[in-house]
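Student: Given the coordinates of chain A, work out where chain B should sit on it, guided by the hints.
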Amino acid sequence: KNQVEQSPQSLIILEGKNCTLQCNYTVSPFSNLRWYKQDTGRGPVSLTIMTFSENTKSNGRYTATLDADTKQSSLHITASQLSDSASYICVVSSGAGSYQLTFGKGTKLSVIP
Amino acid sequence: IAGITQAPTSQILAAGRRMTLRCTQDMRHNAMYWYRQDLGLGLRLIHYSNTAGTTGKGEVPDGYSVSRANTDDFPLTLASAVPSQTSVYFCASSGSLGTGELFFGEGSRLTVL
Chain A
1 KNQVEQSPQS LIILEGKNCT LQCNYTVSPF SNLRWYKQDT GRGPVSLTIM TFSENTKSNG
61 RYTATLDADT KQSSLHITAS QLSDSASYIC VVSSGAGSYQ LTFGKGTKLS VIP
Chain B
114 IAGITQAPTS QILAAGRRMT LRCTQDMRHN AMYWYRQDLG LGLRLIHYSN TAGTTGKGEV
174 PDGYSVSRAN TDDFPLTLAS AVPSQTSVYF CASSGSLGTG ELFFGEGSRL TVL
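Protein chains in written order, with my numbering: chain A, 1 to 113; chain B, 114 to 226.
FYI, nobody ran anything at the bench for these hints, they're computed from the structure. For glycine and all other residues, C-beta sits at the position ideal for the given N, C-alpha and C. Misleading hints may appear alongside valid ones.
As the list claims (entries may be wrong) - Here are some chain B residues the structure puts well away from chain A; computed CB gaps all over 10 Å:
| id | residue |
| --- | --- |
| 1 | R131 |
| 2 | G169 |
| 3 | S193 |
| 4 | V195 |
| 5 | G220 |
Unchecked claim - EDC-like, lysine to aspartate or glutamate: derived pairs with alpha carbons at most 16 Å apart:
| id | chain 1 | residue 1 | chain 2 | residue 2 |
| --- | --- | --- | --- | --- |
| 6 | A | K1 | B | D139 |
| 7 | A | K71 | A | E54 |
| 8 | A | K71 | A | D84 |
| 9 | A | K108 | B | D151 |
| 10 | A | K57 | B | E214 |
| 11 | A | K105 | B | D151 |
| 12 | A | K105 | A | E54 |
Said to hold, decoys possible - Facing chain B, from chain A, some residues (calculated, C-beta under 7 Å):
| id | residue |
| --- | --- |
| 13 | P8 |
| 14 | S28 |
| 15 | P29 |
| 16 | F30 |
| 17 | R42 |
| 18 | P44 |
| 19 | Y99 |
| 20 | K105 |
Chain A extracted, bound-state conformation:
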C-alpha cells in the first residue's frame, strides 16, 4: 500500500530559527513529490513540486530536497516567521493520467515570538 510518513507530528520553534521537516514515502510508481502549506481553516497551497531528477528546489525561505533512492524528502524553513505557523503536507504523485496522490498527515508547525 502506498504510504507517506511525515515527522515530526508537531513542532514548536522560536521566530527567526530554522527547522527541517521530514517525509518518507513508499509510493510506486513515483512521478513527483509536492509540499503544501495549509494555514488553519484554509485550503492547502503548493510550495514546491519535484520530479525524480530534481534534488533540491527552493521557494523563498522554503527549500525542499528529494532523495529518490532512499525515498526521503525534507522541507527546510529558514529564518522562520510567525506566518510560517501552519501544517505542512507532503504529497506523492503516481504520475500523469493517474488520480492517485498519496497524502501525508502533515507536520503542524508553530512559530512563537
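Tutor: Quick look at chain B alone, frame taken from chain A:
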C-alpha cells in the same frame, strides 16, 4: 483571480438530509477532485473528474456522488447524510489528471448531527 470557489463554507445538517457542496473553478482546468480531511488523517480522495462528462471513484466514494456537466463546476452530493460524513471537504483542480500544481478551494466544513 478567484481560483476555486466552494460553497457553503460551513453547514450543520441533520442526518438523513440531502446536501450538495458546490465547487466552481475559473482556471479552465480539466481535472477536478473532491477530498475530505479528518483530524489525524491525510486528505482522502472521494471522487475525481478527468474532464467534463467523466467522473471516477477515489479512495472513499461511498455515500457520495458527483457530476461534471461542464469544465467549471463539480458539485458533490450527499444523498442521505450520516454523522461519519462530518468532515472538512476540499475541492481541487489541476491542468490535467495527476500532473501539475493542485489548486485547492478554501473548504466546506460539514457537521452531520
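Student: What are the numbers of the hints that this structure violates, sorted from low to high?
Tutor: 2, 5, 6, 8, 12, 13, 14, 15 and 16
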